[in-house]
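Participant: Start counting the sequence shown at 3; every next residue gets the next number (this note's numbering).
Any given hint might turn out to be false.
Derived Cβ-Cβ restraints for the label pairs, each shown as a range [said to hold, decoys possible]:
{"no.": "1", "residue 1": "384", "residue 2": "567", "range": "45 to 53 Å"}
{"no.": "2", "residue 1": "57", "residue 2": "559", "range": "37 to 45 Å"}
{"no.": "3", "residue 1": "81", "residue 2": "21", "range": "49 to 57 Å"}
Calculated from the structure, these hints are not laboratory results.
Quick caveat: nothing in here was measured; it's all calculated off a predicted structure.
In this text, a Cβ means the ideal position worked out from N, Cα and C, and glycines have one as well.
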Amino acid sequence: MEVNITEAKKMGLTEDEFQTAIDILGRMPNYTELGIFSALWSEHCSYKSSRLFLKRFPTTGKRVIQGPGENAGVVDIGDDYAVVFKMESHNHPSYIEPYQGAATGVGGILRDVFTMGARPVINMDSLHFGEIDYPRMKYLVDGVVGGIADYGNCMGVPTVAGETVFEKEYNQNILVNAFTLGIIKKDGIFYGTASGPGNIVMYVGSRTGRDGIHGATMASEEFSKDTEEKRPTVQVGDPFTEKLLLEACLEVMSTDYIVGIQDMGAAGLTSSAFEMAGRAGTGMVIHLDRVPMREEGMSPYELMLSESQERMLIVAKKGNEDKVRAIFEKWDLSAVVIGEITEEENILGYFNGEVAFELPVQPLTEKAPVYDRPRKRPDYIDEVAKFDESSLPEPTDIAKTIEDFLSRPNMMNKSWVYKQYDHMVQINSVILPGGDAALIRLKGTNKGISSVVESNGRYVYLNPYEGSKWVMAEAALNLACVGTKPIAITDCLNYGNPEKPEIMWQFEQSIEGLSYACKVFDAPVVSGNVSFYNETNKTAILPTPAIGMVGLTEDITKRSDISFKKENNLLCILGESELSLAGSEYLKMVTGEIKGKLPEINLEKIKDLVNLINDLIDNDLIESVHDIAEGGLITTLFEMSFASDKQLGFNISEFTQNNKLINLLFSEVPGRVIIEINREKESEIQKLADKYSIALKNIGNIIPNKAIISDNNIIDILKLKKRWKSVLEDYLIN
């Protein structure tokens, strides 16, 4: 096929990028070469709009073994162990084909982790759907949850935590962000490098088909009315094959037969070959006609750009090909020699004895376009900040307001979602889904590893800098509430079209807020993903940076959870924050809008609160703890009540006297937690709180069967719990 600017634009290249490709080669690229340029220079693969800003993240630290730039980040947790983790988006494919899009998102992030030599032990997800009754939304929810569940369950990797959000701003662009964490001995880490001229390039795993061709390019552009036509660019997953691939890869990595390994993810064989060679400063010769194919008549273009799942590229030490092949054949998988490493820094592809492409490695991997795109503060920022929340009237019936509030899509129980996932496989989980964070044991040690995903597009929409700090603060408090402290993060940064200055301003401000928070919490960024072009018909999603934060405890027996334990125990607020309804779920309920001015939070003080909570848990001074976050104080209290199997409620009537209830009950500003304590330990807790200069305020006590909000507002716990638990399931099943 003739190569020209029209064809280049169809593949996603700009006119300038097309000319740069010609200049690099000193000639016109052929069709396969043009496809390789377009894939590697896509937003999804090259980060051409975000790379300048990502450099602002703190990425090193005393625990960091491998930061961004590899398949996943690696963090030292002591005792010769490390954790390997990463978060990735699969937004566009999941909107087009929800089951396969979500399933292959899980499969891809699992491969990113085990290609480093780690055995995956937990999955998490961050899911953002549109309005629950929006057309096609039930289909999307069913498909995404089913895809995640089936792939993770078949792989034997538990999905232990996550978040599920419903907002109209995601009606036409849902977000599916997947997180995986694995455990590894520090001397067993593998890297995606193609070193050693003369070494052998081997293709292992499933055969290559036409599914997913130009998936990376599709993920680098907006949706339109033609979105459904993109269905062929969504990959098809097979978790049973991936389970075999996992075991075979871990077995071959326990030998000295190979020097490098990488998943064929976005852009397939193209990205794995060029990235591995680029890291090593080498080249390759690849014989494409040797690639195992499941469809007839596949062209070099299709073979290089297919994103068929469950495939890896391995560089084996010369002379060890048969040993590698024997291991994969034992697991009923193909392992085929398709080429070798060369000293020249280019990749030469043959097909049926003829040259299919010849391209230099470094210009494609290191000299991809980098854009310093224009930024402009959106006009809406000042407009939404003008809202005067003091003008909001008090509800005439606060009890009914609370009951209706807890039945809203974002407040209702999400157990229907996580019940689809096997969260007990591998028997490492010590805190079940539904709490503040996941906590697993590291077998053979006393250590515990915690993890949480956190995001809030409403906060970041109102103030990208401050809102991003809020997200980080909530994640750190989530980990503290299970008895751990943050050690590192991964991220999945979801935004609209970066070619719009307002979107790039949001992105830059978020990066600044996240970077500052990472430094305060000493939690560097070790891996991550940027997902731009989350727009349909020129309408963008809320700016949604999702954070995957990992924490550590040296003694897993020192932990807590959110469930009420005993009648007559005291309930206290630990910490302080300004009471504000800006960006809150309550404000969205009564006005239908996202507005208000976010208060500035003191992250250094919140770090003190994190340390105090850990000290209280270490000294066995609290019975339960839960941070005040989405939904505010009242949601926190009811979640603690509903988590108990003893039908325990609470009485906060004295605390609510002479206060404006909506601010008191529904403010979501980070910086406070609820603790349940034995009365006899109150003075000891006060001493520790004073040591950190953290406020401690008694707000009530635990009582049976009911919640007393004020003298005239009493709620039946069992009745409300039944309603709270059934709303989502009733909608999705009926």
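Participant: It remains to establish, for every hint, whether it holds in the given structure.
Facilitator: Hints, one by one, checked against the model:
no., hint, verdict
1, 384 x 567: 45 to 53 Å, "holds, 47 Å"
2, 57 x 559: 37 to 45 Å, "holds, 41 Å"
3, 81 x 21: 49 to 57 Å, "holds, 54 Å"
The structure fails none of the hints (numbered hints given earlier).
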